[in-house]
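A.B. asks: Sequence:
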Amino acid sequence: MSDYTELDKKQDVHILHSMGYAQELERRMSSFSNFAISFSIICILSGGINSLGQATSGAGGAAIGIGWPLGCLISFIFALGLAQIGSAYPTAGGLYHWGSILGNRFTGWLSAWLNLLGLVTVLGAINVGTFYFFFGAFGPQFGIEDTLLHRVVFVAIITALQAGINHFGIGLTAKLTDFSGYLIFATALLLTIVCLAAAPSWDISRLFTFANYTGTEGASLVWPGTVSTGMAFLLGLLLPIYTITGYDASAHTSEETVKAAVSVPRGMVSAVLWSALFGYIMLCAFVLMIPNMDDAAKQGWNVFFWAMDAQTNPAIKSIFYFLIFVSQFLCGLATVTSVSRMIFAFSRDKGLPASSALAKVSPNFRTPVAAIWTGSILSVLFVWFTSAITIAGTPAYSIVVSCTVIFLFLSFAVPIALGLVSIGTAKWPTMGPWNMGIGLYKVIAVLAIISMILIFYIGIQPPNDWALEITVGFLVLTGIVWFAFENRRFKGPPIGADIAKRQAEIAAAEAAVGEA
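All residue numbers for the sequence shown refer to the numbering used here, where the first residue is 588 and numbers rise by one.
There could be a bad hint or two in this list.
Calculated pairs, DSS-like style, for lysine-lysine (alpha carbon to alpha carbon, straight line, at most 25 angstroms) [what the hints assert, rightly or not]: (1) 1088 - 937; (2) 904 - 596; (3) 947 - 762; (4) 937 - 947; (5) 937 - 1078; (6) 1078 - 1088; (7) 947 - 1088; (8) 597 - 1078; (9) 947 - 1078; (10) 1014 - 1029; (11) 597 - 1029; (12) 885 - 904; (13) 1014 - 937; (14) 1088 - 1014; (15) 762 - 596; (16) 885 - 596; (17) 1014 - 947.
Simulated restraints on C-beta separations [what the hints assert, rightly or not]: (18) 1060 - 1030: 47 to 55 angstroms; (19) 1027 - 1071: 34 to 42 angstroms; (20) 902 - 594: 48 to 56 angstroms; (21) 747 - 780: 31 to 39 angstroms; (22) 598 - 795: 25 to 33 angstroms.
For the record, the hints were derived by calculation from the structure and aren't laboratory data.
Glycine included, C-beta positions come from ideal geometry on N, C-alpha and C.
Given the sequences, and given the hints that come with them, work out the whole structure.
C.D. replies: Here it is, written out as structure tokens:
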């Protein structure tokens, strides 16, 4: 980072101070590292592979050939909206802060809880996905079985490793997520080449051929009920939408990124674009490799292992499995970073129980240690409790995970929608240096709202119909809690005169962690 001058550093710190916060976290992430942490969480080798059954057991090849770019476009719209806000307000836990500045205390508080619950559950879901990938790839060799005990112990071990790495500073985490970025690029490219080489023929037409496997043998494990072909295609959009998320990590690490007002929006947008492109190439090659689409649909969630077993050399297959497992582990590592910064940011404004402890930054490692371990422990407890409970014959884990993406995208949609009415006003008078223009932002904001309606609609379809009750119940509960308790207690982020009053606290906080 030789191009990061003292003037750049002063500018970054000045922006942070102008929002009422101290430079407690260590600003050691380059622009590439900020991109890499979002790229690592998106991880096309995680969601793109673990969720393949949503496409192949639904609308078939067209769910990837046509559905993948369409779903990625939806995520790209959200990324553009968040990037514009993030350039103006580059703070850790950005979504919470943006929801407060562009709206009010309640919208900020609601954004925080939506994002926090989404991040904790998505961390659990990522590591559960890693367990099932490891189980499918290496389970027999290690004596691993698909039991509650094995699943929870595996998730607890890898989450503890991810938290431990985060504990020891953003420098180590950034190096590993940088490596993860290169690893994902290389592995996806090599997997593409192997798939194309192993393909019986390059039948490009299957990428644009619609089918409807819902409710049929094997495919019913993914989509139990038979729906129309159009609905099968819409359900297949959950593959790219589930995969291309988590890019808010670029915002959550704003206070650790150099030239944040430019690096953060670029990191978000670039992570989505490159993930969409490389994911599309890789998945299209995989579809071409599949021996028969009808047989693929019957495999349900196991379609990736089935196709690799049938078409690739065992030694090459094992190497890919190892590389994909490492990528999925690093995906969880980056997610721990994102979760912990959200907890830290919300806590320093007294938004959570035990906020004083959760907002503390280690002077030795310059990381929010309590926030790191709290978020990690909560994700493991989430996996444990919800896997052990069944509601109406469906594991509670599956029900809650179906809400995860709805919660995350709602946390994105709230500040973007608020920006639609506040941009150019006293609440948002100045655009950041990464600037698409007010007119284009408003178009993006409207498209994001429409996209949110679509995501909610397809996200509550069977077998995820419990997601409707959970989402509505959550919103009702938050309303009750806000008006009964938090409205009187929660002050929100510092605004106006409160920022000036914080200057002595800012200086003391920076001195406590050794910030020069």
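A.B. asks: Taking 25 angstroms as the top limit, are the C-alpha atoms of residue 947 and residue 762 close enough?
C.D. replies: Holds: residue 947 and residue 762 sit about 24 angstroms apart, inside 25 angstroms.
A.B. asks: Run the distance test for residue 1014 versus residue 947: straight-line Cα separation, threshold 25 angstroms.
C.D. replies: The hint is violated at about 29 angstroms.
A.B. asks: Please test the hint of 47 to 55 angstroms on the beta carbon pair from residue 1060 and residue 1030.
C.D. replies: 33 angstroms, violated
A.B. asks: Quick one: are residue 747 and residue 780 within 31 to 39 angstroms, going by C-beta?
C.D. replies: 36 angstroms, holds
A.B. asks: Checking one constraint from the list: CA of residue 1014 to CA of residue 1029, max 25 angstroms. Satisfied?
C.D. replies: 15 angstroms, holds
A.B. asks: So if I understand the rule, the pair passes when the alpha-carbon distance is 25 angstroms or less; does residue 904 with residue 596 pass?
C.D. replies: 46 angstroms, violated
A.B. asks: For the pair we were handed, residue 1014 and residue 937, check the Cα-Cα distance against 25 angstroms.
C.D. replies: 22 angstroms, holds
A.B. asks: Within a Cα-Cα threshold of 25 angstroms, do residue 947 and residue 1088 meet the stated pairing?
C.D. replies: 20 angstroms, holds
A.B. asks: Does the alpha-carbon distance linking residue 1088 and residue 1014 stay inside the 25 angstroms limit?
C.D. replies: With a Cα-Cα distance of about 20 angstroms, the restraint between residue 1088 and residue 1014 holds, given a limit of 25 angstroms.
A.B. asks: Decide if the proposed pair is consistent with the structure: residue 1078 and residue 1088, CA atoms, cutoff 25 angstroms inclusive.
C.D. replies: Within the cut-off at roughly 14 angstroms; holds.
A.B. asks: So if I understand the rule, the pair passes when the alpha-carbon distance is 25 angstroms or less; does residue 597 with residue 1078 pass?
C.D. replies: This hinted pair is violated, its Cα atoms lying about 28 angstroms apart.
A.B. asks: Hint check: residue 597 vs residue 1029, CA-CA at most 25 angstroms. Holds or violated?
C.D. replies: Distance ~32 angstroms between residue 597 and residue 1029 Cα, so the pair is violated.
In the structure shown, a violation is registered for the earlier hints numbered 2, 8, 11, 16, 17, 18 and 22, in ascending order.
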